[in-house]
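Protein chains: 2
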Amino acid sequence: MSKLENALAACAENVESELDRLLPKSDSPEARVIDAMRYATLGGGKRIRPFLLTQSASLFGVSESRAYRAAAALEMVHCYSLVHDDLPAMDDDDMRRGRPTVHKEFDEATAILAGDALLTKAFELLADPATNGSPDVRANLCLALAKASGDHGMVGGQMLDLVAEQTKLDIPEITRLQRMKTGALIAVACDMGAIMGKASEHARQALQHYAHDIGLAFQIADDLLDVEGSAEEVGKRTGKDEAAGKATFVSLLGVERAREQAHMLSEQAATHLEMFDEKGEHLKELANYIVTRRK
Amino acid sequence: MSKLENALAACAENVESELDRLLPKSDSPEARVIDAMRYATLGGGKRIRPFLLTQSASLFGVSESRAYRAAAALEMVHCYSLVHDDLPAMDDDDMRRGRPTVHKEFDEATAILAGDALLTKAFELLADPATNGSPDVRANLCLALAKASGDHGMVGGQMLDLVAEQTKLDIPEITRLQRMKTGALIAVACDMGAIMGKASEHARQALQHYAHDIGLAFQIADDLLDVEGSAEEVGKRTGKDEAAGKATFVSLLGVERAREQAHMLSEQAATHLEMFDEKGEHLKELANYIVTRRK
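These protein sequences, in sequence, are chains F and P. Residue 16 is where the first sequence starts when you use the working numbering, and the numbers rise one by one after that. Residue 16 is where the second sequence starts when you use the working numbering, and the numbers rise one by one after that.
Do not take every clue at face value.
All copies of an identical chain are treated as equivalent in the list; a pair is satisfied when it fits inside any one copy or across any two copies.
To be verified - Cross-link-like lysine to aspartate or glutamate pairs, in silico, DMTMM-like; alpha carbons within 25 Å at most: (1) Lys294 <-> Glu79; (2) Lys213 <-> Glu289; (3) Lys183 <-> Asp42; (4) Lys310 <-> Asp292; (5) Lys40 <-> Glu188; (6) Lys119 <-> Asp292; (7) Lys261 <-> Asp50; (8) Lys261 <-> Asp122; (9) Lys255 <-> Asp108; (10) Lys183 <-> Glu31.
None of these hints come from the bench; they were simulated from the model. Given the structure is predicted, the values throughout are model-derived calculations rather than measurements.
Please construct the entire structure, taking both the sequences and the accompanying hints into account.
Encoded structure:
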C-alpha cells in the first residue's frame, strides 16, 4: 500500500471505532432506530470526508481525538443523506456498499427515522463541549455544517437532481448541481478542519479552493465509474444515470474529455496546497487518488 | 378573546412573519424544496412551542426579536417531524391543519427533502450570530434542541410509536413514549428560553417541571380529541389511534379518568411557576388552555 492508502485505512479504522462508540447499542424498546443508525454508518465506505476533515485539522495542529469526533459527525450527515437518497420515493436503490440498503434491511419508516436521527446526532456532537472547548468553534462548526447540508447545499442539490430527471441540464447547471449535492459536504469537511484549527482567512481560502476542485473531480470520477464500473466492483448499482436519462459530466463531455477534466482539476487542486508544504502531502495525494480510484 | 388568546394570536402572527422572512421564496431551479418548506411551516398551527419559548424567554428579559428567531427554528423542527410523520411509510396521513399534507401537495421525495432541510435550517438559525451574540448560548441552543429531537428524544419516541403498533404498551411505557415523542420538544421550548435568558439552575429546573407536566397533559388532551373530536373540528384525521389498535392514555384509562388526569397535571404545572410571580401568568393560563382546547 502507498503512504496515502495507509493513511486512508488508518482514518477509516478510527472513524469506524469513533462511530461505534458514539452510537452505542441499546436494549431499549426503540433500539431499532439505533440499530439502523449503526447499520447505516458502520462497516464501510471510503470515509473520504472524515479524511479531508482530519487532514485539514492536522494542518493546524488540532488534536486527533477532537478531529475524529467532528469527522464522525460529518460522516453521519453523509450517511443520513445516503439512507434518504436510497428510499423508494427517491433513487429507489436496493444495494449500497455491497449490502442491502437500510430500508431493505429494516423498513422504510425505520430508514426515514434513522436518517433523521443521524442528522440530528451530528449537531448534538458538534455542539457538545467534548468536541471542542471553545463555544465559538462549536457554534461555527454547527453553522458551517448546516449551511453545507441544507437547502442551499446538499439537500438543494438533491432537489435539483430530481428536477434534472425532467429537464436536460447543461454543463453550468450540472456543475452547480454537483457543487451543491456533493461539493458542499466535501468543502465543509476541509472547512471544519480549518474552523477547529482557527486557521487564518488565507489558509481557509486556500483549502476552500482545493476542496472546490476535488469536489468536482470526485463527481466526474463517480460518473465515470457509473458508466465503466461493474456493480460488483463499485458495490452499488451502476449505469443508473444513463437509465434514468440524466445528464452527467460524462454524457455531456464524453468519456475521454470527462477523464481529462477530472485529471486537470485534480492537478489544479494540489497547487492550492503549496503554502502548507509537506504537511499537505496527503491531501495532495488524495486529489490524485480521487480520480484514479476504481470504486 | 381572553388575554391568553390574544397573546397566543400575537405569537402565532409573529412566528408566521418570522418564518416567512427566514424562508424566502426563490426562483432557483431547486425552489420546489423551498416551496415545500414554506408550505409545511406557514399558514397555521397553534404555535404552542414558539409560545412556550418566547414566554419562557420573557421571564428572563430576553429581547423579543431574538426569542422569535429561536422560536422559528424550534417550529421548523416540529413541522419537519409532522412532514415525515405523515409520509405513507409512517402514519400515511393525507390531511393536516385542514389541508393536504406535504407529500400530497408536492410528492414524497420533495416531502422527505423538505423535512430534512427544515431540520437542518433550524440548526443553521440557532448557530447564527444573529440569533444570539454569545457563542456559548448558540452552542447550548443547538445542543439542547439536538438532544430533544434525536434518537433519545422525539425521533426515539416516533420509533417507539411504530413499535407500539405491534406491542400493547402499558401506562409507564405510554408515558415514556409520550415524554419522548411530544414531551421532549415541549420541554426544550421552555429550556431554550431559559438558555437564552441565562437563567439560574433553580429557575431552569422549575420551568422543566412545568414543561414536564404540561407535556403529558397536552398529549392526553390530544388523545381525547382523537376520540371525541370530528376531523372537521380538529383539522386532521381523528379516530386513527383506535383504528390502528394503538394503546393511548384514553384507551388505558378511559375518557373520564384521562380527563381528570389531564386537569390534575395542568394544575400541578401551574404550581411550579410561583417563583415567577405575575410574569408567569400566560404560562399558567396556557396549562389550563391546553386541556380545555377544542383542537
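Structure versus earlier hints - violations, ascending order: The structure conflicts with hints 4, 6, 10, although it agrees with all the remaining ones.
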